[in-house]
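Go by the hints and put chain Z onto chain Y.
Residue numbers (the numbering used here), protein chains in the order written: chain Y, 1 to 310; chain Z, 1 to 310.
Copies of the same chain look alike in the list, so a pair counts if it works inside one copy or between any two.
No more than 20 Å apart at the CA atoms, straight line, and that leaves these computed lysine to any residue pairs for SDA-like:
| hint | residue 1 | residue 2 |
| --- | --- | --- |
| 1 | Lys11 | Ala50 |
| 2 | Lys269 | Phe78 |
| 3 | Lys269 | Glu34 |
| 4 | Lys269 | His81 |
| 5 | Lys269 | Glu169 |
| 6 | Lys269 | Leu75 |
| 7 | Lys269 | Thr80 |
| 8 | Lys269 | Gly67 |
| 9 | Lys11 | Gly67 |
| 10 | Lys269 | Arg77 |
| 11 | Lys269 | Arg85 |
| 12 | Lys269 | Gln86 |
| 13 | Lys269 | Asp87 |
| 14 | Lys11 | Thr37 |
| 15 | Lys11 | Gln39 |
| 16 | Lys269 | Pro167 |
| 17 | Lys269 | Ala73 |
| 18 | Lys269 | Asp70 |
| 19 | Lys269 | Gly171 |
| 20 | Lys269 | Pro83 |
| 21 | Lys269 | Cys170 |
| 22 | Lys269 | Val173 |
| 23 | Lys269 | Cys168 |
| 24 | Lys269 | Leu68 |
| 25 | Lys11 | Ala38 |
Hints in this document: simulated from the structure, not taken from any laboratory.
2 protein chains.
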Amino acid sequence: MYVGVDVGGTKVLAVSTDADGVVVGSAQASTRGEHGTAQELEDAMSTAVAEVADGQPLTGVGVSVAGLVDVAADLVRFCTHLPWRQDPVRARLAERWQLPVVMENDANCAAVAEHAHGAAHGVDSFLLVTIGTGIGGAIVHDGMVLRGAGGMAGEFGHMRVQTDGRPCECGLVGCWEQYCSGNVLPRLTHAERPDLEDGPAVTAAAQAGDPVACAAFEQVGEWLGVGVAGLIAAFDPAMVVVGGGVSAVGDLLLDPARAAMIRSTYAAKHRRLPPLVPAMLGPQAGAIGAAYLARTAGVVPGQGPGDRAM
Amino acid sequence: MYVGVDVGGTKVLAVSTDADGVVVGSAQASTRGEHGTAQELEDAMSTAVAEVADGQPLTGVGVSVAGLVDVAADLVRFCTHLPWRQDPVRARLAERWQLPVVMENDANCAAVAEHAHGAAHGVDSFLLVTIGTGIGGAIVHDGMVLRGAGGMAGEFGHMRVQTDGRPCECGLVGCWEQYCSGNVLPRLTHAERPDLEDGPAVTAAAQAGDPVACAAFEQVGEWLGVGVAGLIAAFDPAMVVVGGGVSAVGDLLLDPARAAMIRSTYAAKHRRLPPLVPAMLGPQAGAIGAAYLARTAGVVPGQGPGDRAM
Numbered sequence: 001m002y003v004g005v006d007v008g009g010t011k012v013l014a015v016s017t018d019a020d021g022v023v024v025g026s027a028q029a030s031t032r033g034e035h036g037t038a039q040e041l042e043d044a045m046s047t048a049v050a051e052v053a054d055g056q057p058l059t060g061v062g063v064s065v066a067g068l069v070d071v072a073a074d075l076v077r078f079c080t081h082l083p084w085r086q087d088p089v090r091a092r093l094a095e096r097w098q099l100p101v102v103m104e105n106d107a108n109c110a111a112v113a114e115h116a117h118g119a120a121h122g123v124d125s126f127l128l129v130t131i132g133t134g135i136g137g138a139i140v141h142d143g144m145v146l147r148g149a150g151g152m153a154g155e156f157g158h159m160r161v162q163t164d165g166r167p168c169e170c171g172l173v174g175c176w177e178q179y180c181s182g183n184v185l186p187r188l189t190h191a192e193r194p195d196l197e198d199g200p201a202v203t204a205a206a207q208a209g210d211p212v213a214c215a216a217f218e219q220v221g222e223w224l225g226v227g228v229a230g231l232i233a234a235f236d237p238a239m240v241v242v243g244g245g246v247s248a249v250g251d252l253l254l255d256p257a258r259a260a261m262i263r264s265t266y267a268a269k270h271r272r273l274p275p276l277v278p279a280m281l282g283p284q285a286g287a288i289g290a291a292y293l294a295r296t297a298g299v300v301p302g303q304g305p306g307d308r309a310m
Numbered sequence: 001m002y003v004g005v006d007v008g009g010t011k012v013l014a015v016s017t018d019a020d021g022v023v024v025g026s027a028q029a030s031t032r033g034e035h036g037t038a039q040e041l042e043d044a045m046s047t048a049v050a051e052v053a054d055g056q057p058l059t060g061v062g063v064s065v066a067g068l069v070d071v072a073a074d075l076v077r078f079c080t081h082l083p084w085r086q087d088p089v090r091a092r093l094a095e096r097w098q099l100p101v102v103m104e105n106d107a108n109c110a111a112v113a114e115h116a117h118g119a120a121h122g123v124d125s126f127l128l129v130t131i132g133t134g135i136g137g138a139i140v141h142d143g144m145v146l147r148g149a150g151g152m153a154g155e156f157g158h159m160r161v162q163t164d165g166r167p168c169e170c171g172l173v174g175c176w177e178q179y180c181s182g183n184v185l186p187r188l189t190h191a192e193r194p195d196l197e198d199g200p201a202v203t204a205a206a207q208a209g210d211p212v213a214c215a216a217f218e219q220v221g222e223w224l225g226v227g228v229a230g231l232i233a234a235f236d237p238a239m240v241v242v243g244g245g246v247s248a249v250g251d252l253l254l255d256p257a258r259a260a261m262i263r264s265t266y267a268a269k270h271r272r273l274p275p276l277v278p279a280m281l282g283p284q285a286g287a288i289g290a291a292y293l294a295r296t297a298g299v300v301p302g303q304g305p306g307d308r309a310m
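Bound conformation, chain Y alone (with noise of 0.2 Å):
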């Protein structure tokens, strides 16, 4: 049995799947973010893993971080919002576990889910990109995903978009994220609807066809567009996979988020665009991906899909 862990800013969600990804078992524990202190964190991981195991013997766990992990060095790097700093924390969990442990940045393990079970099953090379409070992603070239130098590759949401652009949260401006997330959702409804207070009421409203809130998600779709363009300019993927918390909308983001890349990718004439479609595993994709990860690690390069994920 192997179980997944995905370790966000507010919740740990542990899953166990079976050998095609589909949940069988879930549990969840609060976290108090980087507020809390790693030992902390750490029990409460294990308090969700033990849950989900439910007395059975586990053979690996695949741990998801929302954060930078050095897979090379075998660190957690930074986490905005996590207490883990410079820390060799798979190492520590192993030896608490007494079991394998692997550990991954989190839209890495989407992107490995979405390839092994979900949107990008049997496409080899291709983009994530998720938009929640910012926007994250990653890249699966040749069915591996590409970590970069430092383990930091993917970070799209901090490409700039526009000169004396809007100022980020990271201190740069211009940024992608600035004009493409859900935090810009309630900013671009404010004036006509102050009562839509951030990206999830936004969201709802949109759901239930408030056109004021639709509208906002024609203008971040239109963004989402245009930066994708970008990301095919550069990459030229087979499929570009839209993930994170503002895709749940599906077309209101997408479809304008269609038209805009068409009009504004090179070349659009003399090539094949790549499908730009939902992922499929939605909240639960950084665990399943873990999970994933811990199944196939220990298979031999060539010999198994352990080679085609990382």
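Chain Z only, in chain Y's frame:
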């Protein structure tokens, strides 16, 4: 003996190299770009190859093409300044020359050359950005060129850096190369130095210390750094190599680019920024890389340099 042939819009350059990539012979022929026929172009290539071979028997030829080479489909798809369209050029040349022929996009060939013999020797994950009349590029990951699903990866010059920005020859607006290329230089100097009519003229003036020309390189360098910062967010490369004619001015371009890159890269304090270095092989890089590809084309993957290059 292996020969590499670089096919550009105005000329064909053939080189022979030794095993260290040192050019031991070269020959050129003029072409009429997109105004000539495929037959004329291939005759010019044959003449240059025969001249550089100088009667010695050849073992293989590599061809570097300024255009879209779909290696998987074995077709030249499209070249702005060459007559080939959806054309099985490689197979036709192999038949004509009765030799093994490999063919690859010129930026990819230049990246292979810089990896094998140049600035990125020993660096397995890097980006090449070439600045000439426009911007081209290539992605090397784990020692292999990342071509993309349709062979079009690396077109960094057509990523949008400015909404409602300058119109680009490609039909889009705000493309990076409208702010950072040889074509931009005379636009920047025109008011004060209308006599500097093109990129090479501004380059020569800057190299002679002219302050107006130097200021133009300062601006173009800043745009280079900002764009590279976005590529770092996406790829997290171990190195960024800058080639192309405009890069011949060296630090006049690269110093402002480095400063802007440091200011504009996401999480610069939490990462090792990649060195931004000049290409080493100059205008012959494409031909040298093509010769390298011809030399290593038959090498069994995992057993020699061929698997590292492609």
